[in-house]
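Chemist: Here are the chains, one letter per residue:
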Amino acid sequence: DGGITQSPKYLFRKEGQNVTLSCEQNLNHDAMYWYRQDPGQGLRLIYYSQIVNDFQKGDIAEGYSVSREKKESFPLTVTSAQKNPTAFYLCASSIFGLIKNQPQHFGDGTRLSIL
Amino acid sequence: SQQGEEDPQALSIQEGENATMNCSYKTSINNLQWYRQNSGRGLVHLILIRSNEREKHSGRLRVTLDTSKKSSSLLITASRAADTASYFCATDGDSGAGSYQLTFGKGTKLSVIP
Numbered sequence: 001d002g003g004i005t006q007s008p009k010y011l012f013r014k015e016g017q018n019v020t021l022s023c024e025q026n027l028n029h030d031a032m033y034w035y036r037q038d039p040g041q042g043l044r045l046i047y048y049s050q051i052v053n054d055f056q057k058g059d060i061a062e063g064y065s066v067s068r069e070k071k072e073s074f075p076l077t078v079t080s081a082q083k084n085p086t087a088f089y090l091c092a093s094s095i096f097g098l099i100k101n102q103p104q105h106f107g108d109g110t111r112l113s114i115l
Numbered sequence: 116s117q118q119g120e121e122d123p124q125a126l127s128i129q130e131g132e133n134a135t136m137n138c139s140y141k142t143s144i145n146n147l148q149w150y151r152q153n154s155g156r157g158l159v160h161l162i163l164i165r166s167n168e169r170e171k172h173s174g175r176l177r178v179t180l181d182t183s184k185k186s187s188s189l190l191i192t193a194s195r196a197a198d199t200a201s202y203f204c205a206t207d208g209d210s211g212a213g214s215y216q217l218t219f220g221k222g223t224k225l226s227v228i229p
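Protein chains in written order, with this note's numbering: chain A, 1 to 115; chain B, 116 to 229.
Chain A with its partners taken away, still in its complex shape (with noise of 0.2 angstroms):
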């Protein structure tokens, strides 16, 4: 079965620490991104990918980091930088073509909070 696989599904951190959540997608897309939800709000961009090795920041990509080695994956790193990191993380892919804007198919997310 195609899909994005995110993991952990729980993530905690401590003060001053990075953490890397991880996602791993087997759909052959080349775009990918993340995005961090708070309760009751909309998804907001972190960080996207169009293309192995390149990515853009979001709206919001203060504190965060990406790497895009593999089109397969595209981890995040939250560093200690962000003061405010307890959210649900959500991972998405899509076909990167002439079209824009294709339909994006998510994981499961990461809920991470501070210990």
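Treat the hints as calculated values from the structure; they're not laboratory data.
Some hints could be false.
Under the rule of at most 25 angstroms between Cα atoms (straight-line distance), these lysine-lysine pairs were calculated in the DSS-like manner [stated by the list, open to error]:
#1 A/K9 - B/K221
#2 B/K224 - A/K9
#3 B/K141 - A/K83
#4 A/K57 - B/K141
#5 A/K57 - B/K224
Have a look at the derived ranges for each label pair, beta carbon to beta carbon [to be verified]:
#6 A/G16 - B/S173: 26 to 34 angstroms
#7 A/A81 - B/R169: 44 to 52 angstroms
#8 A/A61 - B/R156: 18 to 26 angstroms
#9 A/G2 - B/N145: 35 to 43 angstroms
#10 A/D30 - B/S143: 37 to 45 angstroms
With the Cβ distance kept under 8 angstroms, some of the chain A side facing chain B (calculated, not the full set) [said to hold, decoys possible]:
#11 G2
#12 Y48
#13 L90
#14 Q104
Predicted model, so just to flag it, every value in this text is computed and none were measured.
Positions of the beta carbon are idealized from the N, C-alpha and C atoms, including for glycine.
Given chain A's structure and the hints, the job is docking chain B onto it.
Modeler: Chain B alone, transformed into the frame defined by chain A:
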């Protein structure tokens, strides 16, 4: 920036009734998409409607788009308890040549009572 805004924020109906959710947006769009999110899960794509389309159907879902009013509606007919979820609209907003971003609203939380 929040491009789409759903209305109402919450909706509670009896099983078998129809549910209508609305989405308003600010700038011109290429397409508008609706997604569903069950509690604690990721989003699932429901339907995409292009700016030159006025209505689209998929099973029990009917989506309309009025670009002159910058609004869209999602109708779920003959609702079931399993339709209980949050529903989000997403637009491509102020997309320039290099923009492939979607902007999501805050969602409508639908509760279908058995």
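Chemist: Each hint should be assessed against the structure and marked as holding or not.
Modeler: How the hints compare with the structure:
no.: 1; hint: A/K9 - B/K221; result: holds (23 angstroms)
no.: 2; hint: B/K224 - A/K9; result: holds (23 angstroms)
no.: 3; hint: B/K141 - A/K83; result: violated (31 angstroms)
no.: 4; hint: A/K57 - B/K141; result: holds (22 angstroms)
no.: 5; hint: A/K57 - B/K224; result: violated (29 angstroms)
no.: 6; hint: A/G16 - B/S173: 26 to 34 angstroms; result: violated (48 angstroms)
no.: 7; hint: A/A81 - B/R169: 44 to 52 angstroms; result: holds (47 angstroms)
no.: 8; hint: A/A61 - B/R156: 18 to 26 angstroms; result: holds (25 angstroms)
no.: 9; hint: A/G2 - B/N145: 35 to 43 angstroms; result: violated (26 angstroms)
no.: 10; hint: A/D30 - B/S143: 37 to 45 angstroms; result: violated (26 angstroms)
no.: 11; hint: G2; result: violated (14 angstroms)
no.: 12; hint: Y48; result: holds (7 angstroms)
no.: 13; hint: L90; result: holds (6 angstroms)
no.: 14; hint: Q104; result: holds (7 angstroms)
Checked against the numbered hints given earlier, this structure breaks hints 3, 5, 6, 9, 10, 11; the rest are met.
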